[in-house]
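One letter stands for each residue in the lines below.
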Amino acid sequence: MATSAKRLIGKTLNPVSDESLMKQYANGDFAAFETLYARNKGGLYRYLLRQLRDQSLTEDIFQDVWGKVITNAAEYQTTAKFTTWLYTIARNKVIDNKRHMKLVDGAIEKDKLFDDQTMSIDEQAQASSISQQPHALHESTEQSLAIEHCLQKLPRHQLEAFLLREEAGLSAQHIADIVNTNLEATKSRLKVAFKNLRECLNLKLALEHQASSANIKEPRL
Amino acid sequence: MSQSDNDEQSMVSEIYKAAAKPEPSEVLDAKVLNMAKQQSSSKNVKSSQIQNASKSNRTPFYMKWQYSGSIAASVLIIGFLFVSHSPEEFDAIPRNTMQDELLSPAPEQRRMRAAEAMTSDIQSESLESADKFNELASDAMNASKMRLEAAPVNQKEIAALQAEAAFILAALHESDHKSKLTSEGLKDLSELSENVQGSSRQRDEQTQASLQQQLFKTLKALKEKEPNWALDDSFKAVLSAEQIEDLVAISAHK
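Taken in sequence, the protein lines are chains A and B. For what it's worth, numbering that gives the first Met the number 0 labels the leading residue of the first sequence as 0, then goes sequentially. For what it's worth, numbering that gives the first Met the number 0 labels the leading residue of the second sequence as 0, then goes sequentially.
Since the hints were derived computationally from the structure, they do not count as laboratory data. The reader is advised that the hints may include incorrect statements.
Which chain A residues face chain B? A few, computed with CB under 8 Å, are given here [what the hints assert, rightly or not]:
(1) Lys40
(2) Lys194
(3) Arg197
If you anchor each label on the Cβ, the simulated ranges turn out as follows [said to hold, decoys possible]:
(4) B/Lys36 x A/Thr180: 33 to 39 Å
(5) A/Leu102 x B/Gly78: 58 to 64 Å
(6) A/Asp59 x B/Gln2: 27 to 33 Å
Glycine included, C-beta positions come from ideal geometry on N, C-alpha and C.
Isolated chain A, as found in the complex (with noise of 0.2 Å):
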């Protein structure tokens, strides 16, 4: 609900659909590209980023994909929406640099590299936070934290559908569309996702609350 209100609330404020813009920006309009841009670049960056679980590479491709977005503005077609274009390049370029990765270097080898990464990235989301947010609740942070675990321990076919539900806003039937699969598949995949989620958040959190009750209770003793 809240969800779907928020993007009522972008709509009102942002009259103009992405589709427009990219439309003006293809007749040579650069503001529109940069409203374009503000509008679905956080959202690009963190699909990107929570599936390749690597800052630098995530840089690299999300800089690609708009690449792509620019050179092909030209030939875009306003019956397809945006979000679902611009998610289906990036699905793309994700997937042909997992093949690389297979191809260069052996699995396990990129199984190790992305453990180590995944604690970067969950020192840089801690960090971050706390910068961010000094004061910030512990609660919230050990909901944060929890959500970055349960995200890396979902597979990587629901990952990929709950990040496009999450940050690109689509439906299941867009979904259905970018990842190739049909669209019972894809509620089907959608659901378990939010289910395995909720699963792993409850433990998470449950654990994190009997480890700082524990923690309060110690000095006591």
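Position chain B against the provided structure of chain A, taking the given hints into account.
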């Protein structure tokens, strides 16, 4: 989707939204925007160039098709008329089949087959006319033989010349008919058969000229022997004006 599912989704979604949100760095933003700006400015230059070009060239692009389209239509119409109004000699082959063979973008083999069919018909007609010629020639020979036998001894030479002239005339008529037949009949054939036709036509013309010359010589000899012998219209039709004048001059001189 059940209520519990919705609650579950909204709860997870809220936690996710509340979590830290990494954003692209300012350097990265600047890079992307700079890339877009460059592309946008080059696009503006290109579009202005296109606009200028379109202003200078007043004929719209789609209008340029009218020339090639009209040429293609003309070729088709002329081709159709040419085939549908082909000479009667071609009626020997069923017309539809022949038109199909010639008009269709058939492989070389088909066209060759069509050409062969047409030439074989013309050849058969040539054979028929050759038979006619043989009949005419034998008639002329018989008539001249009878005249020779019936003629007195002093007139035998003149009768022989007359027979020869009649024979040559018959041969000339036959040659003329044949050349007409070949020139009309082979008109619509393909390029290959046209080469064959050209050479045969040339051969016929040469034969005709030599026959005409031979006739003139025979008639000249006849006139010298018998100046009173009147030049028949059938001979005049075959001979040239100069040759007729020469023959008239011989009888006048005598």
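Here is what the structure says about each hint:
1. Lys40: Status holds, d = 6 Å.
2. Lys194: 7 Å, holds
3. Arg197: 5 Å, holds
4. B/Lys36 x A/Thr180: 33 to 39 Å: 38 Å, holds
5. A/Leu102 x B/Gly78: 58 to 64 Å: 60 Å, holds
6. A/Asp59 x B/Gln2: 27 to 33 Å: Between A/Asp59 and B/Gln2, where Cβ atoms are some 43 Å apart, the hint is violated.
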